[in-house]
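Based on the hints, put chain Z in the right spot on chain E.
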Amino acid sequence: MFIKEYFGGIFKAIKSLLTGMKLTGYYFTHLNKIVTEEYPDNRATLKMPERFRGEVIMPHDENNEHTCTGCQACELACPNGTIKIITKQEVQADGKKKKRIDAFVYHLDMCTMCNLCIDACPSDAIIMGQNFEHSQYERKYMKKVLNKPGSRLKDGVE
Amino acid sequence: MLFEPDHYNEEGEFVVNMGPQHPSTHGVLRLKVWLDGETIKKVEPHLGYIHRSIEKMTESLSYRQFIYVTSRMDYLSAHINNQVCALVVEKALQVEVPARAQAIRVILAELTRISSHLLWFASIGLDLGGVTPFFYAFREREAINSLMDENCGARLTQNFMVPGGIMKDVLPNFQQRVKEVLKQFKDNYHEYDEILTGNVIFQNRLKGVGILTKEDAIAFGCTGPTARASGLNCDIRKLYPYDGYEKLQFDEITSTGGDCWARYEVRMAEMKQSVKIIEQLIDNIPEGEIVGNTKKVIKLPKGEFYQRVETARGELGVYIVSDGGTTPYRCKYRSPNFANLSAIPHIARGHKIGDLISIMATIDLIIPDIDR
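Chains as they are written, first to last, in our numbering: chain E, 180 to 337; chain Z, 30 to 401.
Extracted from the complex, chain E is given alone in its bound form (with noise of 0.2 Å):
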């Protein structure tokens, strides 16, 4: 009776390890099977999903204009302090003077990309960017200024 239990015990495992090598084997010999990705050597062909949230950018049209109207709803809706809007008065056209972003500060190393800053904004100024390779050797390169130099408030924003 021992015997008889030992040597099934035996089998039973024996058997079990062939059943998981057999779907080893399947895979190892079912090459158009495999998922992974070769991440860095397919760089020229990955697309991130459209709403991936990579870094926050500030889309500008081809005349150098935003529309980022420094309401400074980002600023406040940001749970970290990432976002540091500095305005200053311009003189307008028509004389009057009126508050225009000077800088729009961004600090990628603070930044969690929750996406609540992107839901704050009225104007739909800014809008979450897709790419994510953001390494830099020193922390200095994590400051960016998001407003092009020369860049100016369309007409017509408010």
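One should not assume that every hint holds.
[Said to hold, decoys possible] Below, a list of computed lysine-lysine pairs in the DSS-like style, where the Cα atoms sit at most 30 Å apart:
1) Z:K324 with E:K263
2) Z:K381 with E:K263
3) Z:K361 with E:K191
4) Z:K276 with Z:K208
5) Z:K301 with E:K212
6) Z:K197 with E:K263
7) Z:K208 with E:K226
8) E:K263 with Z:K71
9) E:K333 with Z:K324
10) E:K319 with E:K278
11) E:K191 with Z:K215
12) Z:K305 with Z:K331
13) Z:K215 with E:K212
14) Z:K301 with E:K194
15) E:K201 with Z:K215
16) Z:K212 with Z:K276
17) Z:K236 with E:K201
18) Z:K236 with Z:K381
19) Z:K381 with E:K322
Because the hints were derived from the structure by calculation, they are not lab data.
Using the frame of chain E, we list chain Z on its own:
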């Protein structure tokens, strides 16, 4: 440890630190283990290596902002953590969540549960000496993560819930993509049984090891699959339904074994139940709004609010004391892993040190959720 002259104490016990950096702890948990030969005399968990004071941080964040930080507690069920925060604000404001938002929330939460259990399946194989199952589980998990990536914008820390609903409407191909993911999961489920469940070596490492009785599970406050494997009915989705779980047909998986094997079986069966829940919802997502009627600046009425949900690891509760302002006066999270961890010293006593790995693997600890 630092001040002891050698590793043996007065009773001749060998004191060893497992962690804070140990491959089988999945994080920075330090277990101080007193050993007599190979037998465990006593286990003492030391916490605090990844404490980020999330509860204190919450006191300075508004009710829209405090949701994102909970993704960093139990990072494998980030969606469900976000959901409990959204739910507590909705409960306090008495906001009605649109049916469409509820359905999408439940689908995403159940996908999160499947993906979390898949990672657990992958890592239990890894802990007990088998590397191959890891890749089979990660293949399906990758499909779920890609789906999250497309719809929510992030793979792990989604932050897709807002008070009153969800942040964005899902993509038009959402239903088709979920069906593809589920089909892939169901087609490949038998491979998990072939490669790991049926393996005799694996079964012998789990059967009869680390028995947690029903009484102990209640006494230690264990919840989730850990307690359900001991025969305790503690599924919050059944007991205190939220977000429309009361309309859905699914079974609460319980087992009476209480050992590691029972915990393994409960989790494997729970994945199938999650598939069942998603299949009921995916063809009947109602049309309509995705966010309920909430103000831009949320102020909670004065008082105390508590809400609980069932994460992949058990009951997560959030307790908020509000003084009527825009930020919580006090916030407390009742995390499932902290309670489940407290059972380890009790059930590991008398076992061999190798069994401690099995016990930790089947209790499925997430260390950032313990420390918060």
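Each hint tested on the structure:
no.	hint	result
1	Z:K324 with E:K263	holds, 24 Å
2	Z:K381 with E:K263	violated, 56 Å
3	Z:K361 with E:K191	violated, 50 Å
4	Z:K276 with Z:K208	holds, 21 Å
5	Z:K301 with E:K212	holds, 24 Å
6	Z:K197 with E:K263	holds, 26 Å
7	Z:K208 with E:K226	holds, 23 Å
8	E:K263 with Z:K71	violated, 52 Å
9	E:K333 with Z:K324	holds, 29 Å
10	E:K319 with E:K278	holds, 28 Å
11	E:K191 with Z:K215	holds, 27 Å
12	Z:K305 with Z:K331	violated, 40 Å
13	Z:K215 with E:K212	holds, 17 Å
14	Z:K301 with E:K194	holds, 26 Å
15	E:K201 with Z:K215	holds, 20 Å
16	Z:K212 with Z:K276	holds, 24 Å
17	Z:K236 with E:K201	holds, 25 Å
18	Z:K236 with Z:K381	holds, 14 Å
19	Z:K381 with E:K322	violated, 52 Å
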